[in-house]
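Next come the chains, spelled out residue by residue.
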Amino acid sequence: MLNRGVNYKIPRNLLFLFESIALFLMFMYYRNALDRSTIIYGLSLIFIIYISNLILSKIVSGDNYIFLIVTMLASIGIIMIYRINYEQGFKQIIWISLGIVLFFATYFIVKRIKGWEKLFLYYCLASVFLFLATLLLGRRFKGAINWISIGGISFQPTEIIKILAILMIASYYTNYDRFKEKKWGRYYLIGIMYLFVFFLFLQRDLGSVLIFCSLFLALQYIYDENRKLVLANIVVLMFSGLLGYVIFPHVRIRFETWINPWEYIDTIGYQITQSLFAISEGGFFGTGLGLGHPDFIPEVSKDFIFSAICEEMGILTGIGVIMLFMILVYRGFKISINQRNKFFRIVALGISILFGIQSFIIFGGVINMIPLTGITIPFVSYGGSSMLSSFIALGILQVASEELDIEED
Amino acid sequence: MFNILSLVFKYVFIVIIYMFIFSIIKLIYLDIKGIRPIPADSGTYLKLINRKDTLPFKVKEYYPLEDNVFLGRGNDNEIVIKDPYISKKHLRIVKDEDEYFLEDLKSANGTYVNGDRVMDVVKLNNGDRISVGQVEFLFVNKE
Amino acid sequence: MEKEIKRIITVLAGICILFVSLVVYLTYFQIFKADKVKNSSYNKRLWINEEKILRGSIIDRNGKILAYSELNGETYARVYNYGSLYSHIIGYSYRDYGKSNLELYYNNVLLNTSESAALNELKNLVEPNSEGNTLKLTIDHHLQEYSRNQMKGKKGAIVAMNPSTGEIYAMVSLPDFNPSTLREDWGNIVEDENSPLLNRAISGLYQPGSTFKVVTAISALENNMYMEDYECTGTAVVDGYPLKDYDGKGHGTVNLNEALIYSCNPYFAETGIKLGIDRLSETAEKFLLNREIPFDLPVKKSLFPKKGNIGKTDVAAASIGQGKVLVTPLNMALIASGIANKGDIMKPVLVKEVISKDGKVIDSFKAEMISRATDIFTANELKNMMVDVVNKGTGKNARISNIRVAGKTGTAENPSGNDHAWFIGFAPADDPKIAIAVILEEEGSTGGQKAAPIARNIMLEALNTINN
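Protein chains in written order, with our numbering: chain A, 54 to 462; chain B, -4 to 138; chain C, 258 to 725.
Derived from the structure by calculation, the hints contain no laboratory data. Hints should not be assumed to be uniformly reliable.
[Unchecked claim] From chain C, some residues computed to sit far from chain A (all C-beta separations above 10 angstroms):
1. Ile262
2. Met408
3. Gly444
4. Ser452
5. Glu485
6. Glu515
7. Phe552
8. Asp615
9. Asn648
[As the list claims (entries may be wrong)] Derived EDC-like pairs: lysine to aspartate or glutamate, alpha-carbon spacing no greater than 20 angstroms straight-line:
10. Lys111/A x Glu56/B
11. Lys263/C x Asp277/A
12. Lys599/C x Glu718/C
Think of the CB as a built atom: it goes at the ideal place given N, C-alpha and C, for glycine as much as any other residue.
Okay, chain A solo, but in the shape it has when bound (with noise of 0.2 angstroms):
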C-alpha cells in the first residue's frame, strides 16, 4: 500500500507548485515593469525544468533524485536572484537552461565515450594550462584573481579545473597499480595537487584553496594505500595552514574578521556583519519575498545568497537547503558506493564531495560559523561558470550511476 503513491510524480509536482506560487509572486512584484518577455522567460524555465525531469525519468536507468534536488535548488536560487536583481534574474534563466543542455550534453558524451580513466596526462595539463592562463590573463575581482576573458565572455577557469582534479585524481587511482611500479610514481598526485593548491594561493583564491585540499585529501584517505603518506600529507597541509596565517595579512585578516566581525564592521566586517543582520532578521519564517532588505548585503546574488533566502524566506527554508544538498551529496555516495567501476566510483565520490564541501564552506562563512572566503553555492548563486560547471559535474554523476560495466565487457 505503501508503495502506490511513491513516486516521482510528486516530488516533480511539488516542485512545479513552488516554482508557480513564487513566479506569480514574482509576476506580482514586479507588476510595474512587467513585460511578455519576462513572463515567456519564467513560465519558459518552468516548463524546462518540468519536461527535464519527466524526460529524465524515461530514457535514464540510473538515479532520478539528483536531477530533482538540483532543480528544486536552482528555483530557490532564481527566484531569490529575480527578486534582488530583475536583470540577473534574467540571466540566470539562460544560464540554468544552457546548464540543463549542458547536463544532457555531458551525459550523452561520456556514457558513450570509453576510456576516460586513460586520461591522466591531459587532464593534468589542461588543468595546468587553465591555471597558467589566469596568472597571465586573469583579472583581479574582489582580491582574487581568478577570472579571464576570452572574446568578451569571461568565465572563472578554476571551476573547469574543479572538474578535471577530480577525474585526474580518479584516474590515477584507477591505474594506481601502474603508477606504482614507477620510481616516483606514488608521489606523482601529491606532487600535483600541492601545484595546483600552490597555484590557487598565488591568485588568493582561499576558498578554492580550501575546497582542493579538503576534496584531495578525502580522496586520498580513501584509496591511498600509502597510509603514512596521508598522514604526512595531513601534517604538511596544517603546518602550511599555519604558515599561512603567520605569513600573509590576507589570511590572518579573514581569520580575525571572524573571530569578531563587529570590531570590522565599516571595512573588512561589513559584508559578514550585513549577512549576520539579513539572517537574524528573518528569523525562523523570513519576512516574506520582496518584504526585506538582502539588498543591504553587498553581492548578495553571488556568495550572499544563502543570507538573503534566510531574510525573506526564514531560516526554515535555509535549513530546508542544507539538507537538500545532504541528500544530493548522500545520493552521490550512493550512487559510488552502487558503481563498480572504480574510476567513475571515484569520479562520483569526488563529485559529492566537492558539492559537499563547497556548500558547506560558503554556508558556514555567511552564517560565520567558519573564516569567510568567496565562493559560490554551487546550482543557487548568480553566476555562469559555477552554474555550468555543476551542471556538467551532475551529468557525469549520472552517468557514475548507472551500471557501466557491462557495456564495457
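Place chains B and C on chain A using the hints.
Using the frame of chain A, we list chains B and C on its own:
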C-alpha cells in the same frame, strides 16, 4: 496586496520545500530498504533494471545467484517477488559447468530474455535482460 | 573493497556532521543571538522601519514634555528638551549611536511595535504611518531639576521616591552627559575617566558605611541580640584588628538607640559578631542585597558576604557597612522606604503610565510589594531611632522645622580615594511621603556634613511641591 500575498506565501513555500524534501527522503528510504551494496567479487547476480519505487511490491536491487535458484510469487522460492503477473513458481536458473541456464517453469505470462520469450531453456550471457511480469533484470556474470 | 566502503562511509559521515553542525549553529544563532544582532544600531533595517514611525513622547508625572520626536525631512528625529537632566533616565536614541535607558528598554512601547516581526508587518499593512505611545514617568520634573542643582559640581547619585508606592520622583547620577549633543561629545564622553555614561544610582556599587547600621540594628532587634549597655572606648579589637570610631573618642555607655544616634562603630561591630554572618545576611537579603531588583532599567545586584565561612573581622566590617558590602544607591533608597513603609519594600517604578496616541491610558503601573523586609513593630522602633539620629545625633543637618525627619548618615571608607558621604532617610516620620538616598562620591567629608543637608532640602522641596 502584494505584501499580504507574500506574507501568506512564505509559509506556503516552507511547507512545499519540506514536503519536497520529505518525499525525496521517502523515495530514498524505499530505495535502500533491502539493498546491500554488492561486493565487487561476488560473481553472478541479477540486477533490477526497473526503478524500485515504480513497482507496487517489494523487490531487491540485487539477487546473487547460487547453483540452483527458483523465482516466483510463492514463498518457497529463493527469489520471492509478489508481482501478480508472476506465477507461483515462475522460473529457475541453474548453473551447469560454469554456464547459467534459465528455465521457464510453464509460467502463465512467460519469461523474456532480451525480448524473446523463453520456450524451454536458454543459456544466459552476461548483460542479458530478463523480463518477468512487470520486472526486468540484468543478468551479470563476472566469472 | 570492504575497507574502501568503510572509508567512504567515514567520509560521508564526516560531511553529514558538517551539514548537521550548520543546521545546529543556524538554529542556535537564531534563538540565542539573533535578537541582539538585530537590534544593533548598525542594522539599517531597524531605522528604515523606525524612522517612519512617530516615536512617542516622554512626559513627567505632571505632563511636562521631556522628550519628543519631530519630522526632519522625511524621517523623524528625537528632541531632548532638558539636555543632560534626563540622560540617565531617558537616555538617547540615535541611528549611529544606538539607544540607551528608557529609549532602549521601552523601544517597542515608544514605537508601538511588538517583538514579533510578523505582527509588525501586518500592522504596517493596515496602518502605514503609525504613531507610537507616550510614556508618562513617575519623575517630578521640578524635583529632578532641583535635585540635580543640589548636586552641582559633585559626583554621586540621588534617588528620591514614594515609599508606599515605589514611584521614583527623582533619580540623579552625576557626572552625566547631554543626549542632544551626543554626536559632538561622544569622543569625550567615552574617554572621560569619570564615566558619565554610568548611571550611578542603579549601576554604581558603593560601600554603604554607617547607613547600613540600620540593617544591623533591625537584625539585632528581630533576633533579640542587642546590648542594653555597652562600654564604648572608641575602639573595638576584633581578632587583633582595631575598629575605630570616626573621631576615635569613646561614646561611654550606650544602648542600641544611642549607638545608632552617635553611629558607634564598636557597638555595631560587636553586635554583628554576636549575630553572626548567617543572621546578618538573612536580614540583608530581605533588604534586597544579593537579590535582583525588578525595575524599568537594569539594576546591578548589591552584594553582601554569603553565609558560611568568613572571618570575624569581615563580619564586623560588614555589620558597619564596610569591607565586602557593596550597594547601589537605589537599594539604599529602598531600605529607607522599607523602614518608612512598615517593613514592606515596594517595587521601584519609573514608568507610571503608557498612553496611546489617542490619549487612552493603555497600561499603568500597580504598586507591588517585592519584599517583606521586617515586621511593623521593628520598623516602627527603627523609625523612632532614626528620628533621634536626625534630632540629636549625626544627622542634625537634615532637620526640618515642624516636620519629624528620620535618617541615618554614613561615611564610607574608600580604599581608592576620599571617603564617600551617605545619607538615607524619609519624612514625615509618622506618615512618610518621601524616602531618599544620597551619596556623594569621594566627597572626603562626612555624610552628616555634606549629604544630610542635600537630602533635607530635597525632602522639604518634595513635601512642598508634590501632591499626589
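A quick look at each hint next to the structure:
no.: 1; hint: Ile262; result: violated, 6 angstroms
no.: 2; hint: Met408; result: holds, 36 angstroms
no.: 3; hint: Gly444; result: holds, 16 angstroms
no.: 4; hint: Ser452; result: holds, 22 angstroms
no.: 5; hint: Glu485; result: holds, 63 angstroms
no.: 6; hint: Glu515; result: holds, 59 angstroms
no.: 7; hint: Phe552; result: holds, 28 angstroms
no.: 8; hint: Asp615; result: holds, 28 angstroms
no.: 9; hint: Asn648; result: holds, 57 angstroms
no.: 10; hint: Lys111/A x Glu56/B; result: holds, 19 angstroms
no.: 11; hint: Lys263/C x Asp277/A; result: holds, 14 angstroms
no.: 12; hint: Lys599/C x Glu718/C; result: violated, 24 angstroms
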